[in-house]
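Listed below are the residues making up each chain.
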Amino acid sequence: MLDMWLHGIEGLLQFRELAFLALGMFIGLFFGAIPGLGGAAALALLMPLTYGLEPFTALALSGGVMGGVPMGGSITAILLNTPGSAPNAATAIDGYPLAQQGKAGLAIGAAASANSIGGIIGTVSVLAILPVAKNIVLLFGPPEFFLLALLGLVIVSTTSRGKLLRGLITGGFGLMVAFIGYNDVSGGERFTYGIEYLWDGVHLVPALIGLFAVAEMINLYVKGGSVANNAASVKITKMTSGLMQTFRHWPTVLRGSLIGTVVGAVPGVGGVVASFLSYSMTVQAAKEQDRDSFGKGNIKGVIAPEAAINAKDCSSLIPTLAFGIPGGVEMAVFMGILIVHGMQPGPLLLVDHQVEIYGLIWALTASCVLASFTGLMLVKPLSYVTLLDAQILAPMVLCVAFAGSYAIDMTIENVIVTAVFGVIGYLMVRFDYPRLTIVIALVLGASAERNFHQSMLMGDGKWSIYLNRPISAALLAATIALLVIPVVRAMLNQAANRKILVEKEAA
Amino acid sequence: MARLTRRELLVAAGIATPSLIVPRAGYGAAAFPAKPINFIIPYAPGGGFDVYVRLVGPVMEKYLPNKVSIVPVNIAAGGGNRGVAQLYRSRPDGYTIGIINIPGMFILQQQQGSGAYDLTKFSWIGTMGEGERYVISVGAKSPLKSFADLKALSAKRPVKLSVTGPEGTAYAATMIGTQLLGIRTQLISGYKGSVDYVVAAIRGDSDAVIAAIPTTMRFVRGGEVRILASFEAHSSIPGVPDATALGKPELDQISVERLIGAPPGLPAPVQNLLASALAKSLADPAVTKWAKDNDIRMTPHTPAQTAQLIAQQRAFFDKWRKYLATG
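So the protein sequences, as listed, match chains A and B.
The first sequence begins at 1087 in our numbering and counts up by one.
The second sequence begins at 786 in our numbering and counts up by one.
For the record, the hints were derived by calculation from the structure and aren't laboratory data.
There may be inaccurate statements among the hints.
[Claimed, not checked] Part of the chain B face toward chain A, derived, beta carbon under 7 Å:
1. Ser974
2. Arg1003
3. Asp1069
4. Trp1075
The beta carbon of each residue, even a glycine, is placed where N, CA and C say it ideally should be.
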């Protein structure tokens, strides 16, 4: 085992492999930073080029790309509130307010170090899990997937404290939108109104670009001015302190990495869930007085999703490699590269191609760390973007956003979705409705529905299927606990307050 | 790159001019191809059809004159409909070709009632080898040891089979296969992709699964899956009953074909040039090695054989059409 790890490193430490790794990292950083383009687009474009490379070199290149994407995505998320790739939408929630306060350097510094550490923790977990990966993937069937989705929805809805009702409203709206399209289980389309595009449902990435990038640019334009309020505050002096922030918030980093690792290992859930779940859990875990600052520029709100995204990138290799079930679009394309190079994902891949696979894991980790440093070097010139006047910035970002939305699969309907969700997003900002719940509902809605139906088919229509399986029962218990604990806590608080009041009166 | 002399340019202009005046008259296999060829894949990058094109495409470039490149273009919208419709509408000049999923597109057309294209009218170039046949298998831990066990279970209660959504080719294969074999079923449908639903059987979500041979073999090698019966006329898997032994020869007609086509009206010289380049690339060592590693048979089909194949498949699926569009 250890032997294979070393062989993997050895293979990577060749000039050619390192050169391709660095190249991949730059491409990943670049594609990650542009909204609409992401790891999937970069890998798809590179796939024919890897044909002439040795399998190991091709994997170093792919690992480089996958490691670079999250850092690129977080830079645009923080500076422009435009998630460069979908999972970074969670980073924007607190990262953008920080940029508005002129603390872009702090935020990007924290994102960079959280990225690296998340990646490293993810790698360690994967190395530990990989030998038993098969068993873990087999533990999660439809009942577990359904309850996992439910748990995700509940966690996120309970995050927006004080706005619980508004959170539930937007969550419900998100679910309604998520059910548009083809019914996977029994066939037939719903709510498509004869529009062919809607057969595949409302596409997630165009919707996210609208909800965040377009909405924010409308908002900025209406208000006037620039992202950061004054030039003096944009001095990127806090980068090192940003780097250190991650080390100051160990529990947040660990929690994020752990969530990322677990979510990544479960096939078909994806990066958006990892980052948003991590964000929500961090808000939940925060102290009472700290909690209100989330969404207004809390550095932990940047660290949590970033650590999760990179940890997830490592661990989503588990279902992809061990079974050929991709964790997301990016992994699906990466699987294509594996197949082209004669490495068929499946149980035997880990036996037949150990050296290549460990090389890939090291490449991914190295690229995470490299991308963080490269990203930091680019921060200074990039952060002047936040000083641009809305009249210049808004049209530019809108162009990139709409072009990116079109570029995903060259359909004009994507652009329409982006525009519609831009308006919805702006209204939500304007009237103070949380956007978090709508995102998670859009991501999980369809899979929750599908897995619910499948579970019922498996259990011959009996609900007991959710109780008879240990993991599913545990997830159910966790969901109920999450719903009940805040209520109990509130009741205890009330009782305590009453006691104090009574004591005061007595005195 | 060789530099063009003035005379060559004049000759080229001479060839090109009449083609502007009289459409298609100037087409000669010698002039084709003069620019990159777009290869439409009506699915997202990373899937099975995508991999075939990205693997065979670069090899095919070698066997075409004039060193042009073949550019994979993924048009994934509408479950594949949009890509195929776009191919159908493209100019029949050989610069747009595409890969078509049969019976996937039959099923889609039937469900969506789409009249945007006529599948029998494409100019066929060939196939990506032989169509994939199906096998019925169970997870390694299943108590079912033979096909007879499966039949016995079916006599007691409906057999649970995991399968993709009704739009998938696997769904059609499962419906028709179980119908032919007289197995009572309870489908657990909606799994995404051709691997997911096999893993579902390994995990124990279902009793058994009907899947294409290359997909299944991956798990057989890992000891995760046991094959109970093959739908091939003559089983390629030792010790497993085939369609002939089961007395249901029609099972052999259930397959997934990856046809390569161009818009209707492709001039014959261009069609032949593309067809021979495709056939040669299927025999290229780079492709045959990959095919062998993945249990895929790369037997090429001529344009005429391909047209015949789609007619056969059309007839077969028309017969079973009521099982293609449930829900």
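Here is what the structure says about each hint:
Nearest Cβ of chain A to the Cβ of B:Ser974: about 5 Å, under the 7 Å cut. The hint holds. The beta carbon of B:Arg1003 comes within 4 Å of a beta carbon in chain A, closer than 7 Å, and the hint placing it at the interface holds. A hinted interface residue such as B:Asp1069 counts as satisfied when its beta carbon comes closer than 7 Å to some beta carbon of chain A; here the least separation is about 13 Å, so the hint is violated. The closest approach between the C-beta of B:Trp1075 and any C-beta of chain A is roughly 6 Å, which is under the 7 Å cut-off, so the hint is satisfied.
In terms of the numbered hints stated before, the structure departs from hint 3 and from no other.
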